[in-house]
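Colleague: Use these hints to put chain U onto chain A, whose structure you have.
Chain by chain, the residues run as shown.
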Amino acid sequence: MLTKRIIPCLDVKDGRVVKGVNFVNLRDAGDPVELGKRYSDEGADELVFLDITATIRSRKTIVELVEKVAENVFIPFTVGGGISSVDQIDELLRSGAEKVSLNTAAVQNPNLLTEAAQRFGNQCVVLAIDARRCKERKGHWQVTVKAGSEPTGLDVVEWAVKAEKLGAGEILLTSMDADGTKAGYDNELNKAVSDAVNIPVIASGGAGELEHLYDAIVKGGADAVLMASITHFENYTITQMKEYLASRGIPMNL
Amino acid sequence: MLVVIDYNVGNVKSVCNAFRHIGCEAKLSCSPEDIKNAAGLVLPGVAAFGYAISALGPLAGLIKKLALAGKPLLGICVGYQMLFDQSVEYGSHKGLGLISGNVVPIPDTQVIPHMGWNLVKFPRDMDLFADLPKEKHFYFAHSFYADVADPGAKIAYTDYGFQLPASVQKDTIYGTQFHPEKSGNAGLKVLENFSKICKRKAT
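Those protein sequences? They're chains A and U, same order as listed.
The opening position of the first sequence corresponds to residue 1 in my numbering, with each subsequent residue numbered one higher.
The opening position of the second sequence corresponds to residue 1 in my numbering, with each subsequent residue numbered one higher.
The shape of chain A in the complex, shown without the other chains:
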């Protein structure tokens, strides 16, 4: 049986790890390679690096970062942020990333998911969705792109189902409403998506307490939990998270 996964997420801006609340008010959280290595040593199952600058100028920097991480970290890691072509994916995978995450580019050109899956296998294609709760339609969420700045009108669950058919191997599902609040994941969202697709769902946004991780897995049906604030600012270690989940009967790699 596969274990549930603990995945620290490192948002990288101008070569530093940063973390905000609801996608704004960024705080510095350290050097990405050092932090990645620390989490790997502590027993993280995977890492996610998101380039939140994602300009043309930062493209070279992120490839160099991936190379440095790959020299120091011996667990799988995903890289995302501004990826829009199969050639870019090829470069990042060759530099040592295990998977890439696609967000805005997949909405603009859904065929990119298919091209990437056919060339590299769907196990390395992660679809990232930034979801915002609809005020007018209860129990619905809207896909938001460009780092959460642009609503698309797409329904999150429908988009997730379509993306799986197109070639996504995994869904990184971030609740923009919960992000950085430490008030818990949006498990209604997690459950709606994980019930609708067969590929793994990574719950993201809102982790603050150990119980939140448990709830995302049990109530939200998530295969993995992603967190940033609670690890970067050392509220809990990875080991504490894993021991807690294992003590509550969740299969973990301890």
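Bear in mind the hints are in silico, worked out from the structure with no lab data behind them.
Just so you know, these numbers come straight off a predicted model, no measurement behind them.
Wrong hints could be hidden among the right ones.
Claimed, not checked - Quick look at which bits of chain U chain A covers, simulated, 3 or more residues with Cβ under 8 Å: (1) 13–20; (2) 68–79; (3) 103–114.
Stated by the list, open to error - So these bits of chain U aren't anywhere near chain A, every CB distance computed over 10 Å: (4) C24; (5) V46; (6) G91.
Just so you know, even glycine gets a beta-carbon here, dropped at the ideal spot from N, CA and C.
Modeller: Just chain U, lined up with the frame of chain A:
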């Protein structure tokens, strides 16, 4: 020195990085001279089987000859699958035939790909797992698996709704379906054990 065989498939660099990290000299090369002189060979692989075996080209025959003559060989993921007789991934492709068995799809009753950390239980006498506890988690990412039919092979299994062979050893031919270079400290230990096997063999 170990040689990691470079045949233009994805992410061979991670394997070299991992060996470097444990202080083991591993050269990425496709030169027959380097391959002949190596203390041991590593055949990595992130690609479809058919693509990988054709990318290997004439090196396939050389690797097979050296492995049969006793040079330690470690196949990883698709590199491991290539040790077997044949695969049915996108058509039928012949493998190196070093270990009897065929590479077949994971039953579709399971989620495919098998991706993530799964618990591998090792028989006590498998050299790759020396000095490890009797079971450990390793990182897997694959959709096909080797149905091992070789009575001379030792097998470590993982449970994925059925007993899935996770690692095989036959004489000094070794293979792992999982990625030791991405499996944290336990994976690094497996690579270190392989490098020790090669050193012992070379002296």
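Colleague: Hint by hint, note whether the structure agrees.
Modeller: Outcome of the hint check:
With 5 residues bearing a CB less than 8 Å from a CB of chain A, the stretch 13–20 of chain U meets the requirement of three and the coverage assertion stands. Counting residues of the stretch 68–79 of chain U whose CB lies closer than 8 Å to any CB of chain A gives 0, so the stated coverage by that chain is violated, three being the minimum. Requiring three or more residues with a Cβ within less than 8 Å of a Cβ of chain A, the coverage given for the stretch 103–114 of chain U holds, as 3 such residues are present. Non-interface call for C24 (chain U) relative to chain A: holds, since the shortest CB-CB distance, roughly 13 Å, exceeds 10 Å.
Taking the minimum C-beta to C-beta distance to chain A, about 8 Å, the non-interface status of V46 (chain U) is violated against the 10 Å cut. The non-interface label for G91 (chain U) is consistent with chain A: the shortest C-beta to C-beta separation is roughly 15 Å, beyond 10 Å.
Consistency note: the structure conflicts with the earlier hints numbered 2 and 5.
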